[in-house]
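Here's the letter readout for the chains.
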Amino acid sequence: MEAIHSPLPFYVMAVSLIAAGLIRLSKDRPNLREFWTIGAALVKFSLVLVMLRHVLAGQTFSYRLLTVFPGLDIAFRVDPLGIFFAVTASLLWIITSFYSIGYVRALDEHAQTRYFTAFAVALSATMGVAFSANLFTSFIFYEIITLCTFPLVAHKETPEAIRGARLYLTYLLGTSIAFQLPAIFLTYTTAGTLDFTAGGILAGKGSDTLIAIIFVLFMAGIAKAALMPFHSWLPAAMVAPTPVSALLHAVAVVKTGVFMILRVLLDIFGVDLLGDLGLGTALAYAASFTIVVSSVIALRQDNLKARLAYSTISQLSYVILGAALLAPAAVTGGIMHIVLHAFGKITLFFTAGAIYVAAHKTKISELDGIGRSMPFTMTAFTIGALSMIGVPPLGGFLSKWYITLGAVEAGQFPILIVLVVSTILNACYFLPIVYAAFFKPPQVAAPARSNPGHGHEEEPHIYWPWKKFGLQEAPILMVAALTFTALGTILLFFAPSGFLALARMIVGG
Amino acid sequence: MIEIIAGKYNYWIYISLMMIGFYAMIAKGNLIKKIVGLNIFQTAVFLFYISMAVREGSTAPILLSRAHGALTPETATYTNPLPHVLILTAIVVGVSVTAVALALAIKIYRAYGTLDEYRIAKLEQDAE
Amino acid sequence: MSLHFPVLVVLIPLFGALLTFFAGLFRRTWAWHITTYATLLSFVVSLDLLMSVRATGRISYWLGGWAPPWGIEYVVDYFSGYILVVISFISFMIAVFAGPYVKKQIGPERELNFFVLYLLLITGLLGMVITGDIFNVYVFLEIASLSGYALVAVGKKRGAVVASYNYLILGTVGAVFVLLGIGHLYMVTGTLNMADLRERLPDLYHSRVVLTAFVFFVIGFGLKFALFPLHTWLLSAHSLAPSAVSAILAAAVLKVNLYALMRVMFTVFTPAFVYEAVPITEIFFVITPIAILVSSVMALAQTNIKRMLAYSSIGQIGFIVLGIALANETALTGSLLHMLNHALMKGGLFLLAGVIIYQTDRYHITDWKGLGKTMPLTMLVFTIYGLSMVGVPLTAGFVSKWYLAIGALEAGRWYFIPVILVSSLLTAVYFWRIIEWGYFHEPDDPEDAKDRCHVPWAMMIPIMVMAFLLLFFGVAAFIPEGPARQAAAMLLGMQ
Amino acid sequence: MVIDFILLFFVVVCAVASVSMKDLLGSVMILGAYSLLMALLWTRYNSVDVAFTEAAVGAGITTVLLIAALSRTFRHEEDPEKPGQSIFPWLTRIARLIPLGVVMLTGAVLIYGTLDMPNFSDPAAPANLHVAPYYIEKSVPETGSINFVTAILASYRGYDTLGEVTVIFTAGICVLILLRRRFHG
Amino acid sequence: MLEAAAIIVVLAMALVLYRAIKGPMLYDRALAVNVIGTKTVVVLALIGFIYDRPYFLDIALVYALINFIATIAILKYSETGGLG
Amino acid sequence: MAEHVIIKTVSRLMIPFIQLFSLYVIAHGELGPGGGFQGGVILGASFILYAMVFGLEEGRKRISRKASDFFNPTGLFIYAVIGIFCILGGGRYLEYDRLPLIGNEILASQLGIYGIEIGVGITVSAVMTTLFFEMARRDDD
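Chains as they are written, first to last, in numbering that gives the first Met the number 0: chain A, 0 to 508; chain B, 0 to 127; chain C, 0 to 494; chain D, 0 to 184; chain E, 0 to 83; chain F, 0 to 140.
Calculated directly from the structure, the hints in this document are not laboratory data. Take these hints with a grain of salt, some might be off.
Claimed, not checked - Derived PhoX-like pairs: lysine-lysine, alpha-carbon spacing no greater than 20 Å straight-line:
no.	chain 1	residue 1	chain 2	residue 2
1	C	Lys156	C	Lys103
2	D	Lys21	E	Lys38
3	A	Lys26	A	Lys155
4	A	Lys362	A	Lys439
5	A	Lys155	A	Lys439
6	B	Lys106	C	Lys156
7	A	Lys439	A	Lys360
8	C	Lys156	B	Lys121
9	C	Lys155	C	Lys102
10	C	Lys156	C	Lys102
11	C	Lys155	B	Lys106
12	A	Lys360	A	Lys155
13	C	Lys368	A	Lys155
14	A	Lys155	C	Lys372
15	B	Lys106	B	Lys121
16	C	Lys372	A	Lys26
17	C	Lys155	C	Lys103
18	F	Lys7	F	Lys60
As the list claims (entries may be wrong) - Okay, the calculated bits of chain E under chain F, using three or more residues with CB under 8 Å as the criterion:
no.	segment
19	5-13
20	70-80
Just so it is clear, CB atoms sit at the ideal spot from N, CA and C, and this is done for glycine as well.
Please model the entire structure based on the sequences and the hints provided.
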C-alpha cells in the first residue's frame, strides 16, 4: 500500500478544533456561531471525502505530529478502517448539527456555546481516534472525548445530570486509566512499539499468559464499547440532551469504543494470534452475553431513551461479535454494522428528541397514538426500528447477514442461536412502540407537560410550520434530519458498495 | 565488654544526653520545655564532635610559640582543630534556632494564652 | 566572570537579601523588584551552568582558592546543574507572584522582611544544591530551614504559628540527625569533602559507624522532605503557610532536601552500597506504596484545598522515592523528571489556591461553586494542573509516571504499576471534584467574587507560564529528559 | 581525668534536672549551669574556642533569651491535661509510650554505631589523620594565624563561616518578622 | 597539686549543684547557679595553670562576665516579672 | 530597678570594660581563643546588660532601632563584599591572598581575616541586641 506523507489527517482533526475556538469567540452571535458549526462539519466531511478517494485507490496517509520522547509519538495514519469510521462520523455530524440547532433553539437551552464548543471538540477527538497511527495517540484522543463530552452529559446541571455525568466520567476515565493505560504500557514494554500494524505487533512476543492479560485489560479498558459489565455509563449518559445521545452515544463515543476494539484486535493482536490463543472465541461469547442480556433489560425500560441505550449496548456487541468470530465474512459484517447501526440508531434517537421537543414526552407508555400527530417522525422511527431488527430492505439486514455467514464459516453454531434470539428480542422491544404509536388511540390525559416559557409560539428564531397542517411535529430542521437518516438507512441496503469495498479492504489486509 | 564501656565512656555520656534532650523535645507538652530539650539535644551532639577531636597528650590548637618551629609544628602536639570549627558554626546555628523557637513560643502564647501542646490542640479543634 | 558562576548563583540571592534590607531602610517598595531580579539573575546563571556542564563536564570551584579536601568545593555536575535550574526557576516564578500577594495577604509592614527571608531561603536552597562539602550542606540547610520556619509562621490563621513551631522542632531534629551523620562519617574518614569521602568510604562499608551515619542521613533528610511516616509536620505547615510560601516549600524545599539525600546516597556513598549493603530499598518498597495510597485517600477526604494539596505532596514524594529505590536508570530518570514536574505542579497549584483565596478568601472547595464562571481563566489553568497531576498524556505528569512504571517493570516489580494507577485514579477523583464544583455549579452570588478585587497579572502570569511548561514538557518531554537521563546515569555510575 | 568523670556526671545530672523540673525558671537556670559545666568540660578537651563560645552563648545569651521569653509567657509548666476521656484508655497509654520508644530506638542505633568507633582520645583515630594535620602544619605559613581554629574558620572554611553569619542574620530577621509590629520608615 | 585543687573545687560544686536542683526557693537556685559560675572560673584558672596555657584566663574572664549578666537577668525577672 | 544603685553603678563601670574586652576578643582571634563571633556576643551582651539595668527605653536611646537594624546586615555585607574583592583581585571567592592593592600575600590574608572577623562581630552583636530587644519588649509596646 502506497503511503502519502501529508498533514491532511491532522487538518481534518484540527478543523473542528479551530471551529471550537471560533464558536467560543462568537458566543454572543448565535447565527455566526451556528455557521461555524455547519461550516466545520462540511469542510471536515469534504476533506474526508478527498482522502477517501485516495484510500479507495489503495493509498494511505501518514503524518507524524511530534515525538514526546523516543518511542512515544503522536502520529496520524489514514487506512481503510480509519476512513470508514471517519466517513460515518463526519457525515452524521453534518446532519446532527442541523438537528442540534433545531433542538437547542426549540427548547431555548442554556449554555449553548459550551454545548457547541464541546460538540466540536468531541468530533475532533473522534477524528483523532479514527486517524491515530498508534495506541498512544488513540489513547489521548480517547481521553479527550471522555473529558469534552462530560459538559455535554452534565449539560442540564441538575443534580440528576451531575450524578449521571459523574458516573459516566468515573466509568470511562476510571477504566481507561485503570485498565487501558496498563494494557498500552504492557504492550509497549512487550512489543517495543505502539504502532498499529496490520497483522498485529504482539505475535511472538511475550508469553501466552501475558498476552491474555493484555487482552483482558484492553477489553475492560475500552469501556466506551459498553461490553458488559462496563456498560452502566451508557444509560446514565442518557440524561444528556438528545442530539448528544444521538451523535455521541449512538455514533461517535460508542463507535470510538468498538473502533478501538477493532483496531486492537486487528492491528495489535492480529487475527492469527487471537485464533491461536482462543481469545476470539472467548470474546465472542462475552459479546453474545452482552447482546442477549442487554436486550432483555431493554425490554423492561419505559423511558424511551433508556430503552434505546440498552439497545445500543446490545448492538455494539454485534460489532465486537463480528470481529471476534475472526472469519472474514463476520469481520466484514462487524465493520459494516458500525455504519449501519449508526444510521439506524441515530434515526431512533432523533425521533426520541423530536417527540420530546414537540410533545415533551419521554416515556414509552405515553406514546399511544402519537403517530397521528407526528407522522413523519414516527415513520422514521419505524424504519429505524426495522433496521435494528434486521428486516430487509433496510441496512441492518446486511450486517446481520454477514455476521451470520461468518458464524457459519467459523463453525460457531451457538452464535446463530444468539443471533436469532436477539432478533426476536429486538422485535419485542421495538414493535410495541410502533404499534402503540400508530394503532392505539391517543391518550386524553393531561396534555404534554409544557415547560413554562418554552412554548413554540414564542419562538421567533426557528421555523416551525406544522401548526397549519394540524400536526404537532418538531421544528423542520429536526424533521429533515431524521428523515434524511431514515432514508440513509434504506439507501445503505441498496447501495452499500462504497462501505463494503472499504470493509473488504480492511479484511483483506 | 568492660573495655568497650571504659574506652568510649565519653560517647556513652553523649548518647544519654542526647536521649534526654530528644525525649524532652518530643514528649514534653510545654513548648519552652521542648526548647530546653532542644538545647540539650544539640549540645550533646557538640560534645560528640569535641570528643572526636581529643587526642591523648595534646594541647589546645594554638601555636605554642612562634619560636617553636613556626613552619612545621608537630601535628601530634595539638588537638584536631577541625571539629572545633564545625562546632563553632553549629553553636551559632543552635542559638539561632533557639531564638526563632522562642519567638514562636511567644507568639503562640499571645494567640492561645497557653504553652501546653494539648491545650493548644484542643483550642484549635474547638475553633474548627 | 563565568568562572565564578558557581559561587555567584548562591551569592546573587544573598546580596539580594542584603540589598533588600538596606533598601528597605529607605524605601520598602523596592523589595519585590530586587527579589524578582535577583532570582531571575540566579536562574540565568544556573541555566548557563547547566549548559556548560553539558558541554564540558563536571565543574569544580574552590572557595577561598583552597584545594579540596582542605577547602570547601562547589560542584556542578549533571545532577546539581539540573536541580539548580529547577529550583532557581521555581523561585523566580514564585517571586514574581509574591509581590501583589504579599502586599495584600501578609501586609505592608511585613513585606520587606518577607522578601529578605525569601531570598535567604533561596540562598540556602541553592547553596545546599551546589556544594560539594558535606558540612556546608548542613550550614545552608539551616539557613533554608530557619527562613522556612519564619515564613510559615506569617500565615494568616493563628494555627500557622503552631504549625511553624512543630515544623521547627521536627526540622531541627532532622538537621541534628544530619549533623550526627556528618560526624560519624568524619570520625572514620577524617574528611568532609564529598568526592574525597566517596574514595575513602568503600573500605569502610562493613563498619557500623558508616551504617549508622547512613541511617541518620536517611532519617534526618527524610524528616525534612516528609518521607512517609515522618511527614506529620508537613500537613499543617504547608496548609497554614501563606500560599506563596506553601508553594516554595512544596516546590523547592522538599525537592532540595530530597536532592541532598540523593546526593549523599549516590555520590558520597555508592549505588553498590545503597542497593546491596543496606536494606534501604526494601524499606522504601514497603513505605512508598503506603505513602502513595494513604495520602491519596486522605487527600480525598479533605475539603480545605491547601490541606488536600499537602496530602498529595506526601504521595508525590513517595513516587520520587520509589524511583530511587527501583535502582535503574529509567526509574531514576522518572524520579528526576518527577522532581521537576512536581515542583511545577505543586508550586503552581499552591499559587492557584493563593489566587483564589486572594480573590474570594475561600479555603474550602465546596465554596468554590461557579468559579468557572466568575474566574474562568483561573479555573482553566487549574484544570491543566489537575490533568497533569492525574498524569493524563500530553501533560508533563504523564511522562514521569510513564518512566517510573517502565522502571518498575525493568526492575521486575510490576506490582508497583497498580499502585501508580490507583493513585492516579484517586488523584483524578479529587481534582475532578474541584473542577466540577467550579464549572457545573452556579455561583451562590455571581457578583460576589468579581467585586472584591482584581487579580493582578503579576500573579497570573507565573501560574500560566508554569501551566504552559507542563503542557510543553508533556509534548516535548525530550527537553527535560535529556539532562535528567544524564544525571541518572551519572548517579548510577554509568557515566 | 577524674575531673572529666565528675563533670560528665554533673552534666548528666543537670540535664535530667533541667528537663524534669516543673518550674521553668529553675529549669532555665539549671540549663545555664549545664552550659557552664559543658564549657568547662570542653576546656578540658582543649577546645578553648568552643568553650569560649559556649560560655558566651549557651550560658549567657541563651539563658537571657529564655528568661525574656518566660517573662512574656508563663513561668510554670502546666499539668499535662488529660486529652479527653478516650474510649480506649490503653490506647492513649500506649500513645504516651511512643516518644519513649522513638528515643530508645535512636539510642540503640547510636550505641550500635559507637561500638565500631575508635576509642576515646585515640591518637590514631582516622578523624585526626587525614585532613587535620594539614591545617596544623600549614596554617601559620599560609594564613599567618597562629590560632589554627581561626585559620580554618576564617580562611580554609571561610565560606562555612559566611553561611554561619547568614544563619545569625536570618535568625534576626525571623525574630523581626515574628515579633515586631510597628515599623519605621 | 593544682590538679588536686581543681578536683576539690569541682567536688565542692556538687554541694551547690544539689542546692540548685533541690531549691526550694528561687534565691537558693540563683545563688547556687552563681556559685557554680564562680567555681567554674576558679577551675578554669587552675586548668590554665595545669596546661600552662595563659589563654584560659580569657575564657575565665568571659565566664565571670556572662555569669554576672545571667544572674542579673534572673533576678530582674524574679523581681519585676520582665526584663525591660 | 530604679533604686538599685549598686547594680547601676557597677554596670556603668563595667560596661566600657566589657566592650573593650569584646573588641580585644574580636581582634585577638588569630592569636588566641576568640574571634568575631565570641567578641560580637560579648559586645551584644554589654548592650543587653545596659538595657536590663537601665530599662529598655533607656537602652533604645543608646542604640536606636534604626541603628541596630542597620548593623544587622552590615557585618554580613562586609564579609560577603570582601569575598567579591578577592574575585576582583583575580582570585576565587574569599581567596584573601588576592585582595587587591595590598601586594604581600600573607599580609593580605591576615587583613582579610581581620576584615571578616570584624564583619562577623558587627552582625553578631547587632543581631544579639535585636533579639533581646524584640523578645524582652512588653506586649503592650
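Tested hints:
Between the alpha carbons of Lys156(C) and Lys103(C) the distance comes to roughly 15 Å, so the proposed pair stays at or under 20 Å and holds. For the hint pairing Lys21(D) with Lys38(E), the CA-to-CA distance comes to about 27 Å; that exceeds 20 Å, so the pair is violated. Of the pairs offered as hints, the one joining Lys26(A) and Lys155(A) holds, with about 19 Å between alpha carbons and a cut-off of 20 Å not exceeded. Between Lys362(A) and Lys439(A) the CA atoms are separated by roughly 15 Å; this keeps the pair inside 20 Å, and the hint holds.
Restraint check: the Cα-Cα separation between Lys155(A) and Lys439(A) comes to about 33 Å, which exceeds 20 Å; the hinted pair is violated. Restraint check for Lys106(B) and Lys156(C): the C-alpha separation of about 12 Å stays at or below 20 Å, so the hint holds. Between the alpha carbons of Lys439(A) and Lys360(A) the distance comes to roughly 16 Å, so the proposed pair stays at or under 20 Å and holds. Restraint check: the Cα-Cα separation between Lys156(C) and Lys121(B) comes to about 16 Å, which is no more than 20 Å; the hinted pair holds.
With a CA separation close to 13 Å, the supplied pair Lys155(C) and Lys102(C) stays within the 20 Å bound. Between Lys156(C) and Lys102(C) the alpha-carbon distance is near 17 Å, which keeps this suggested pair within the 20 Å criterion. Between Lys155(C) and Lys106(B) the CA atoms are separated by roughly 13 Å; this keeps the pair inside 20 Å, and the hint holds. Straight-line distance between C-alpha atoms of Lys360(A) and Lys155(A) comes to about 17 Å, which keeps the hinted pair within the 20 Å bound.
Restraint check for Lys368(C) and Lys155(A): the C-alpha separation of about 16 Å stays at or below 20 Å, so the hint holds. Of the supplied pair hints, the one linking Lys155(A) and Lys372(C) holds, its CA atoms being roughly 16 Å apart against a limit of 20 Å. The hinted pair formed by Lys106(B) and Lys121(B) meets the criterion: a straight-line CA distance of about 17 Å does not exceed 20 Å. In summary, the hint linking Lys372(C) to Lys26(A) is supported, as the alpha carbons are separated by about 14 Å, within the 20 Å threshold.
For the hint pairing Lys155(C) with Lys103(C), the CA-to-CA distance comes to about 11 Å; that is within 20 Å, so the pair holds. Taking the CA atoms of Lys7(F) and Lys60(F), the gap is near 17 Å; set against the 20 Å cutoff, the hint holds. For the segment 5-13 of chain E, the assignment as covered by chain F is violated, since 0 residues bring a beta-carbon within under 8 Å of that chain's beta-carbons and 3 are needed. Under the rule that three or more residues need a Cβ within less than 8 Å of chain F, the assignment of the segment 70-80 of chain E holds, with 5 such residues.
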